[in-house]
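Generate coordinates for the entire structure from the input sequences, incorporating the hints supplied.
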Amino acid sequence: MSESDSGHVTTYYCPFCASEDLRPAGPRGGDWECRGCTRVFSVKFLGLVVGS
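For the sequence shown, this note's numbering assigns the number 1 to the initial residue and increments by one for each residue that follows.
Everything labelled a hint here was simulated from the structure, so no lab data went into it. Model, not experiment: these values are computed from the prediction. Some hints here could point you the wrong way.
[What the hints assert, rightly or not] DMTMM-like mimics (lysine to aspartate or glutamate), calculated; alpha carbons at most 20 Å apart, straight line: (1) K44 - E33; (2) K44 - D31; (3) K44 - E20.
This is how it looks when you write it as structure tokens:
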């Protein structure tokens with residue numbers, strides 16, 4: 001996944017059904033429509049965890 005300026009990431013697989021048939025959805029960007037399970041979702045990169 002690669003991070004964009006908005007903090008959203010490019011998604012290659014649906015997190016619900018693992019389908020690769022994804023299309024951009026919604027006017028704001030960062031939303032994805034899965035054609036396999038008909039869900040719309042977004043994924044956001046929050047950061048990296050530093051080891052303790």
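Now the hints, each set against the structure:
A threshold of 20 Å between alpha carbons decides the hint, and for K44 with E33 the separation of about 15 Å falls inside it, so the pair holds. In summary, the hint linking K44 to D31 is supported, as the alpha carbons are separated by about 10 Å, within the 20 Å threshold. For a cut-off of 20 Å, the pair hint linking K44 to E20 stands: about 18 Å separates their Cα positions.
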